[in-house]
Amino acid sequence: MSDLIKLVESENAARRAEHPNFGAGDTLNVHVKIREGNKERIQVFQGLVIQRKNHGAGETFTVRKVSNGIGVERIFPILSPNIDKIEVLRRGKVRRARLFYLRGKQGKAARVKEKKK
Amino acid sequence: MSGIIGKKIGMTSLYMEDGRALACTLIEAGPCVVTQVKTVATDGYDAVQVGYGEKKEKHTTKSLLGHFKKAKTTPKKKLVEFRSFEGTSNLGDVITVEGFEVGSFIDAIGTSKGKGFQGVVKRHGFGGVGGQTHGQHNRGRHPGSIGACSFPSRVFKGLRMAGRTGGNRVKVQNLEVLKVYPEKNLLVVSGSVPGAKNSYVIIEN
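Protein chains in written order, with UniProt numbering: chain H, 1 to 117; chain Z, 1 to 205.
If you are wondering where the hints come from, they were derived from the structure by calculation, not from laboratory data.
Just so it is clear, the structure is predicted and the values come from calculations on it, not from any experiment.
Any given hint could turn out to be false.
Stretches of chain H that chain Z covers, calculated by requiring three or more beta carbons in the stretch to come under 8 Å of a beta carbon on chain Z [unchecked claim]:
id, region
1, 2-13
2, 55-62
3, 94-104
Listed next, the in silico BS3-like pairs over lysine-lysine satisfying Cα-Cα at most 27 Å (straight line) [what the hints assert, rightly or not]:
id, chain 1, residue 1, chain 2, residue 2
4, Z, K122, Z, K55
5, Z, K197, H, K6
6, Z, K7, Z, K197
7, H, K6, Z, K113
8, H, K65, H, K93
9, Z, K72, Z, K56
10, H, K53, Z, K197
11, H, K108, H, K93
12, Z, K122, Z, K62
13, Z, K157, Z, K62
14, H, K33, Z, K179
15, Z, K77, Z, K157
16, H, K6, Z, K179
17, H, K53, H, K117
18, H, K116, H, K65
19, Z, K55, Z, K72
20, Z, K157, Z, K115
21, Z, K7, H, K6
22, Z, K115, Z, K78
23, Z, K184, H, K6
24, Z, K56, Z, K78
Far from chain Z, some chain H residues (derived; all Cβ distances over 10 Å) [what the hints assert, rightly or not]:
id, residue
25, A17
26, G23
27, T27
28, K33
29, F45
30, Q46
31, R52
32, R111
All residues carry an ideal CB built from backbone N, CA and C; glycine is no exception.
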């Protein structure tokens, strides 16, 4: 990548440093800013990270949760100003970077083991 | 109107305060030098010729060397003329990105990427034949009929057909200047700019 692109993208470093390190298999609380008219409030989206994708300014991560029996996935740009805060609740032990196999599983089969320290 | 010549560096995203992600293009522009000032009296029209990019003296023809010598500058790779240039310009004046304000709008001119010989679907946006059933088997992306029969017994001029695509001069209007880095001669504009990386981009505002 060109040095000049790196220069422009380096301005995101501060926002990136606010977030903890996490990867596929981790369980997160993502605090999302939601605007309704002029009011702004925070909504928490809790779920399992099933992938991190791309790099640089376009980096995103996908969070999956099962809500009332229906699987819900949200994709967040990691640099989005709409993300107020990210909390890591649990580190998962997984053997691959993309956990798409979880989509076909339910209940006990859809669990991820916790990483031992 | 004023202008500058630059080189396309690449694209990235910028995040706005309201949460939107904007695609943006980086253009390394200037510093450019005024190499000739044309006036109605001498050339029949008003224009300013601007040069960008260093070139070796041994690769420059003697006639061009003299041209650059007049402006007291080194040989330049790319020369572009701008009509109705803002303010008074003198030979040897240097134009930098500092003249561009964040939030202002510019037009970008580049040479689009060459696509080679392409069919009518890519070249002119034809819909193709449509269905794949009813016996149709080998002409999904064909143009269809190109004219009538014994009258006019010819194909009209200018009918859109397959051919060389891309590689044209393309102007994109009203791109917002999102950031200016004067120390790096860098402009960040919203949206995309025609052409490949490292190709010349003419910026007008």
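Here's how the hints hold up against the structure:
Given as covered by chain Z, the region 2-13 of chain H passes the check, having 7 residues with a CB less than 8 Å from a CB of that chain where 3 are the minimum. With 3 residues bearing a CB less than 8 Å from a CB of chain Z, the region 55-62 of chain H meets the requirement of three and the coverage assertion stands. Counting residues of the region 94-104 of chain H whose beta carbon lies closer than 8 Å to any beta carbon of chain Z gives 0, which falls below the threshold of three, so the coverage claim is violated. At roughly 38 Å between alpha-carbon atoms, K122 of chain Z and K55 of chain Z are farther apart than 27 Å, so this suggested pair is violated.
Note on K197 of chain Z and K6 of chain H: the hinted pairing holds, with a Cα-Cα distance of about 15 Å set against a maximum of 27 Å. This hinted pair checks out: K7 of chain Z and K197 of chain Z have alpha carbons roughly 8 Å apart, not beyond 27 Å. Only pairs whose Cα atoms come within 27 Å are accepted, and K6 of chain H paired with K113 of chain Z is accepted, the gap being roughly 24 Å. Restraint check for K65 of chain H and K93 of chain H: satisfied, since their Cα atoms lie roughly 17 Å apart, inside the 27 Å limit.
Of the pairs offered as hints, the one joining K72 of chain Z and K56 of chain Z holds, with about 15 Å between alpha carbons and a cut-off of 27 Å not exceeded. For the given pair, K53 of chain H sits about 24 Å from K197 of chain Z by alpha-carbon distance, which is consistent with the 27 Å threshold. Our distance criterion of 27 Å between C-alpha atoms is met by K108 of chain H and K93 of chain H, whose separation comes to about 16 Å. A distance of roughly 44 Å separates the Cα atoms of K122 of chain Z and K62 of chain Z; the hinted pair therefore is violated under the 27 Å criterion.
Restraint check: the Cα-Cα separation between K157 of chain Z and K62 of chain Z comes to about 44 Å, which exceeds 27 Å; the hinted pair is violated. Between K33 of chain H and K179 of chain Z the alpha-carbon distance is near 26 Å, which keeps this suggested pair within the 27 Å criterion. As the CA atoms of K77 of chain Z and K157 of chain Z are separated by approximately 38 Å, the hinted pair breaks the 27 Å bound. As the CA atoms of K6 of chain H and K179 of chain Z are separated by approximately 14 Å, the hinted pair is consistent with the 27 Å bound.
Annotation: proposed proximity of K53 of chain H to K117 of chain H holds, straight-line Cα distance about 26 Å (limit 27 Å). Restraint check for K116 of chain H and K65 of chain H: the C-alpha separation of about 23 Å stays at or below 27 Å, so the hint holds. The hinted pair formed by K55 of chain Z and K72 of chain Z meets the criterion: a straight-line CA distance of about 15 Å does not exceed 27 Å. About 23 Å separates the Cα atoms of K157 of chain Z and K115 of chain Z, which keeps this hinted pair within 27 Å; it holds.
About 17 Å separates the Cα atoms of K7 of chain Z and K6 of chain H, which keeps this hinted pair within 27 Å; it holds. This hinted pair checks out: K115 of chain Z and K78 of chain Z have alpha carbons roughly 24 Å apart, not beyond 27 Å. For the given pair, K184 of chain Z sits about 12 Å from K6 of chain H by alpha-carbon distance, which is consistent with the 27 Å threshold. At roughly 13 Å between alpha-carbon atoms, K56 of chain Z and K78 of chain Z fall within 27 Å of each other, so this suggested pair holds.
For A17 of chain H, the requirement that its beta carbon stay farther than 10 Å from each beta carbon of chain Z is met, with the minimum near 15 Å. Residue placement check: G23 of chain H keeps its beta carbon more than 10 Å from all beta carbons of chain Z (closest about 22 Å). Distance check for T27 of chain H against chain Z: the nearest CB is about 24 Å away, which clears 10 Å, and the non-interface claim stands. K33 of chain H, annotated as away from the interface, has a beta carbon of chain Z within 10 Å; the closest lies near 7 Å.
Every C-beta of chain Z lies more than 10 Å from that of F45 of chain H, the closest at about 15 Å, which supports listing it as non-interface. At roughly 20 Å, the least C-beta separation between Q46 of chain H and chain Z is larger than 10 Å, which holds for a residue marked as non-interface. With a minimum CB-CB distance of about 16 Å to chain Z, R52 of chain H clears the 10 Å threshold, and the non-interface call stands. The Cβ of R111 of chain H sits about 33 Å from the closest Cβ of chain Z, beyond the 10 Å cut-off, so the non-interface label holds.
Hint compliance for this structure: hints 3, 4, 12, 13, 15 and 28 are not met, and every other hint is.
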